[in-house]
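Make a model of the complete structure from these sequences and hints.
If you read the protein sequences in the order shown, they are chains L and A.
Our numbering puts the first sequence at residues 11 to 258.
Our numbering puts the second sequence at residues 11 to 258.
Keep in mind that the hints were calculated from the coordinates and are not lab data.
Glycine residues also receive a C-beta, built at the ideal position from the N, C-alpha and C atoms.
Where hints are given, some of them may not hold.
Chain A side only, calculated, beta carbon under 8 Å to chain L, not exhaustive [said to hold, decoys possible]: (1) P20; (2) A171; (3) D172; (4) G174; (5) L179; (6) F183; (7) L241; (8) R243.
Protein chains: 2
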Amino acid sequence: MPAQNIYDEPDFFDAYGRMRRSIEGLAGAAEWPDLRAMLPPLAGARVLDLGCGYGWFAAYAADAGAATVLAMDVSERMLDKARSINARPAIRYERTDLEAVSVPQGAFDLAFSSLALHYVEDLPRLLHKVADALAPAGVLVASIEHPIYTAPRRPGWASTADGGQAWMLDGYFDEGPRRTSWLGAEVLKHHRTLTGLLASLAEAGLDLERLHEYRPTAEDVAQHPEWEMELDRPMFLLFRARKPLSPV
Amino acid sequence: MPAQNIYDEPDFFDAYGRMRRSIEGLAGAAEWPDLRAMLPPLAGARVLDLGCGYGWFAAYAADAGAATVLAMDVSERMLDKARSINARPAIRYERTDLEAVSVPQGAFDLAFSSLALHYVEDLPRLLHKVADALAPAGVLVASIEHPIYTAPRRPGWASTADGGQAWMLDGYFDEGPRRTSWLGAEVLKHHRTLTGLLASLAEAGLDLERLHEYRPTAEDVAQHPEWEMELDRPMFLLFRARKPLSPV
Chain L
11 MPAQNIYDEP DFFDAYGRMR RSIEGLAGAA EWPDLRAMLP PLAGARVLDL
61 GCGYGWFAAY AADAGAATVL AMDVSERMLD KARSINARPA IRYERTDLEA
111 VSVPQGAFDL AFSSLALHYV EDLPRLLHKV ADALAPAGVL VASIEHPIYT
161 APRRPGWAST ADGGQAWMLD GYFDEGPRRT SWLGAEVLKH HRTLTGLLAS
211 LAEAGLDLER LHEYRPTAED VAQHPEWEME LDRPMFLLFR ARKPLSPV
Chain A
11 MPAQNIYDEP DFFDAYGRMR RSIEGLAGAA EWPDLRAMLP PLAGARVLDL
61 GCGYGWFAAY AADAGAATVL AMDVSERMLD KARSINARPA IRYERTDLEA
111 VSVPQGAFDL AFSSLALHYV EDLPRLLHKV ADALAPAGVL VASIEHPIYT
161 APRRPGWAST ADGGQAWMLD GYFDEGPRRT SWLGAEVLKH HRTLTGLLAS
211 LAEAGLDLER LHEYRPTAED VAQHPEWEME LDRPMFLLFR ARKPLSPV
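Following this line, the structure appears as structure tokens:
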């Protein structure tokens, strides 16, 4: 079925637009330095951006010398905003449902995706398409919500005996849809385990190179005391996987 | 500091001896089929077993044709038991503290460790020694308690609104010692994140090949209804890592 497109609902879109990462771009995304550290050289690179949102990364890649950036999103509102604030000659913004992406084969050096893949129901299919779209030795660099974060049937915190809080984890091995509340709307995500994610990468013929759980730095916590709870459970999982030089 | 050696405390040793995995050996360990699937061919292999316990795996490897098995444990009681029930000509049982292992270099095709590495305080040091001990293309196959399982400061479950239960996760990014209660004793474990484990493997020059979270099968749950809770959070993490053919 087509991907949920909650970003085209006006109230949600407005609420999303008030988030730090929407206003400040990459500088407002706490995990960005860790994700950036996984990127290959961008000068001359052909880049595919899956779930481009406002286009902050597409613009970053273009400014860093990327030859071309094909930036895709399911939301027309997102793309309108991206075209208005992050237009660059090297970027082509295109409306696409990630459940039914159609991209040229062997045409990209980097496939990038920031916090979008957990909205995709059929991730194995998408990863196969990404593998096809990459040139040999091309890489996929992505962030997703951590499986520990997507697992719970009713996400939330419990109080602990020592006056702290604990993330209530259940349903971990029950892979499938999760309906949660975010920015005042019901959001549909798709939970998969770490094992399931890695199996899907391997089945697509992509070799995992790096796997990293974002954690707030001491500086992050000093500036944003409310992030201290993010030390109690991993929220974002970042990874890099490479298409081998010779077909597997 | 030397590793905790709780297994030489009589009450704990007796309680451990009543566990299914102690009595039935590998067949009594639910995660064994998944771990076995990660093993390289054992015929002719030189095997190092880190934390061998009763010697069930050492005997399995010897019976599968391993050329030699050096099986190490910190507990004299464990080793006495292993020598009495799992003696084989190919096996040498040796008392060793995993915090201060001394093994010949380039001498093993397989380093194996079942549920022991989470007791090791200085895992990076041990992994460097394992990498030194492996011959080129040799592998480390290991199971550990999952980081989600070792993280909490006070491990336990909370009741959920839908009448189920949730694992109370906190302290995930606070790597270090955890004192928990098990089999009536206080056990000292060392929590590290998934990211931390993978970084230690990489720093030791070992390439991660597989990463797998044990989950009970439907058959497991039918036979042991109390394992159903293990579907709510991952308990064991299994992995295989390889020493490259050429030094890195």
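The hints, checked one at a time:
1. This hint is violated: P20 of chain A has a C-beta 31 Å from the nearest C-beta of chain L, more than the 8 Å allowed.
2. About 6 Å separates the beta-carbon of A171 of chain A from the nearest beta-carbon of chain L, less than 8 Å, and the hint is met.
3. Below 8 Å, beta-carbon pairs count as interface contacts, and D172 of chain A has one with chain L at about 7 Å; its hint therefore holds.
4. A least Cβ separation of about 6 Å between G174 of chain A and chain L falls short of the 8 Å threshold, and the interface hint therefore holds.
5. Hint status for L179 of chain A relative to chain L: holds, with the closest Cβ pair at about 4 Å, below 8 Å.
6. At a threshold of 8 Å, the smallest CB-CB gap from F183 of chain A to chain L is about 5 Å, leaving the interface hint in force.
7. Restraint check, L241 of chain A versus chain L: the minimum CB separation of about 5 Å is within 8 Å; hint holds.
8. At a threshold of 8 Å, the smallest CB-CB gap from R243 of chain A to chain L is about 5 Å, leaving the interface hint in force.
Hint compliance for this structure: hint 1 is the single one not met.
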